[in-house]
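Start from the sequences, fold in the hints, and give me the full structure.
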Amino acid sequence: MKILVKGGQLVDPSQEINEIRTLYIEDGQIKSYPRGTKELEKDPSIKVIDASGKIVSPGFIDLHVHLREPGFEHKETIRTGCMAAAAGGFTSVVCMPNTNPVNDNASVTEYILLKARTEGVVNVFPVGAITKGQKGEELSEIGEMWEAGCIAISDDGRPVMNSRVMRHAMEYAKAFGLPVISHAEDLYLSSGGVMNEGFTSTMLGLRGIPNASEEVMVARDITLAELTKTHLHIAHVSTAGAVRLMREAKKRGVKVTAEATPHHFTLTDKAVLSYDTNAKVNPPIRSKEDMEAIKEGLNEGIIDIIATDHAPHTEDEKKVEFDLAPFGISGLETALPLALKLVEDGILTLTELIRKLTFNPAQIIKSDRGTLKLGAPADVVIFDPNKTIKVDREKFRSKGKNTPFHGWQLSGQILYTVVGGHIVFPT
Amino acid sequence: MVFERKHILGLEELSSDEIRLILDTAESMKEVSERDVKKVPALKGVTVVNLFFEPSTRTRASFEIAEKRLSADVLNFTPTESSVVKGETLLDTARNLEAMGASVIVIRHAMSGAPWLLARELSSSIVNAGDGFHEHPSQALLDLFTVREVKKEISGLKIVIVGDVSHSRVARSNIWGFIKLGAEVRVVGPPTMIPRDIEKVDVRVYYDIEDALEGVDVVMMLRLQKERQESGLLPSLREYSRFYGLTRERLRLAKEDVIVMHPGPINRGVELSSEVADDVHSVILNQVSNGIAVRMAMLYLVASSGGNA
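So the protein sequences, as listed, match chains A and B.
Residue numbers 1 to 427, in the working numbering, belong to the letters of the first sequence in order.
Residue numbers 1 to 309, in the working numbering, belong to the letters of the second sequence in order.
Everything labelled a hint here was simulated from the structure, so no lab data went into it.
Glycine residues also receive a C-beta, built at the ideal position from the N, C-alpha and C atoms.
A portion of the hints provided could be inaccurate.
[Unchecked claim] Here chain A is said to cover these stretches of chain B; the calculated rule only asks that three of the stretch's residues, wherever they fall, bring their Cβ under 8 Å from a Cβ of chain A:
#, region
1, 11-25
2, 109-118
3, 196-205
[As the list claims (entries may be wrong)] Here are the simulated distance ranges between beta carbons:
#, chain 1, residue 1, chain 2, residue 2, range
4, B, Asp92, A, Arg164, 30 to 38 Å
5, A, Leu273, B, Gly45, 49 to 57 Å
6, B, Ser56, A, Leu324, 16 to 24 Å
7, B, Ser231, A, Lys135, 41 to 49 Å
8, B, Pro191, A, Arg247, 29 to 37 Å
9, B, Gly87, A, Arg244, 20 to 28 Å
10, A, Arg244, B, Lys86, 45 to 53 Å
Below, the structure written as structure tokens:
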């Protein structure tokens, strides 16, 4: 497929480009930035997209997605998850290993990649489990999973509680250049908790998860990253204290990066006031002070990327007592409009925002994507940042309709998503 | 004033006028309970289901008597074994009861917020008979009723709530109720049992029971669950009782006409000594009898409210 994207505002932080520029895609690659397009437009085999007044950027990369397959296909499949990603402007997703069976060996990795090649419309990069069965005890066959295509290791959804196991995992991962993604949660401190601990949990009579549950583990893992000199990536930062620890670690030159999710920088724990299980998520949505600290962290560059922690569940699973509902928010299809609010509020420039959705996540997983350099894979998104939309979960491509943003009026609409030179959205 | 609510879920959402209306209605209901024929036809033809997911003899019995005095058709449904074990969800269980004609569902559930789920999804009136650590409106209303009966006026009183406030729905509902009616509320207990940020609702927090008792009009003791020791919140019941138990000597720090309340069942010798439980200051049995009148008022008001018209 040949595509000519004409006259859009091309924003590519990897090359410091932010100007009106035409883009030409051929053979699945970024082929050229043509000046005159008359000749090309005459060629009937070229699809011409008029992007005037729109933003053209590298396709987004989501470093934190639960595709649920294998094992939980009623919640999401690789096919539906990829469709949701494409609808959200994501051309690559990194999928977490808490499937059933757990992605803790090369055969599961191969299965995911095979499914992704045959049924997925975006690039899928699996994360291997740190420990067998995510039990936090014995290391998984990390080398073989790396050979099979895993780009990081994590026990996401569960922390590695044993510090010695975590230390060895970080040391071992270094041999393969894999970053270690930490789901920072002290299970003893969070035990039984279903929401943020604070005034709201007191009022609702729900068990709280204190900020300290995240912060003691962020502190531990920073210390271990220093000891092992391995790249540590902190998933879904939710507290002011975690941002403070990150700031201090980065200042000292520790190899550590971090992500924040749209729900953590958009909502406060008041979102669960009516026992809305669609706002039940782990780590929980926290106080206003925490939310502001995350925005500051994004602004200062302490938080490197935006990731969704897309965690689809069925409506039946969520329509139960708050204590019984599973944690998670379906996030792929609301990420861009929520993130654009950061630009509107002056927290990030559009270029900085796009960097956190493209080039920075690509760097963390050492991918050649997240850029519009000539010769790079043609992963491109075209969006209108000013178009008003109303979030309608019934229109989600994801099987997970579990969003606390249903009915919200936001700005930002994805117009085209191109993966490897093919238009995958709209379909 | 007309009661507009279809449900009574908690005291947090009730206004002071609504609380007063319930208490005033309960006074007429108490008068019914003192007649020879303790029955009025107010809820004739109305099916009320007591849906109790947690064992509770006294609250369930009190609701049942209240329902019968109002001439309702009563069904007690205790899905401890049948449906829950078979994996039926709360909503499905409740929808089945509604399909059988229940128009008022009185629910007791171990998980906070369960009555809100029913109120959102069903068309019946929901009365919360206690949810998790959250609210226990009928208990707080009967406590308010009892205090008002003895002290005539709640505004200006000093109340102290003693014990495991963190895990207490009785405490939360009473805090809202007493604050809304103008009382000063104190809580006291070991710091492991005082919930985060409780002082933000204008409650004074104490860790020393003797300081907390100074000059109070009402002492409300909470029941201590024995599991709290196992979960590491307490070293032992013995130590708890030494530092937070109510004794006659400690009670002297309060006002002379202090009253002592307890939602029951009492652990004698743990929360309060036997002598205090049976003391002239104790209104524990008044609480129990007033419970019926207050529950009659709640049921009557939701069943005949604007929300159900």
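Verification of the supplied hints:
no. : hint                              : verdict
1   : 11-25                             : violated (count 1)
2   : 109-118                           : holds (count 7)
3   : 196-205                           : holds (count 5)
4   : B:Asp92 <-> A:Arg164: 30 to 38 Å  : violated, 46 Å
5   : A:Leu273 <-> B:Gly45: 49 to 57 Å  : violated, 37 Å
6   : B:Ser56 <-> A:Leu324: 16 to 24 Å  : holds, 20 Å
7   : B:Ser231 <-> A:Lys135: 41 to 49 Å : violated, 24 Å
8   : B:Pro191 <-> A:Arg247: 29 to 37 Å : holds, 31 Å
9   : B:Gly87 <-> A:Arg244: 20 to 28 Å  : violated, 45 Å
10  : A:Arg244 <-> B:Lys86: 45 to 53 Å  : holds, 49 Å
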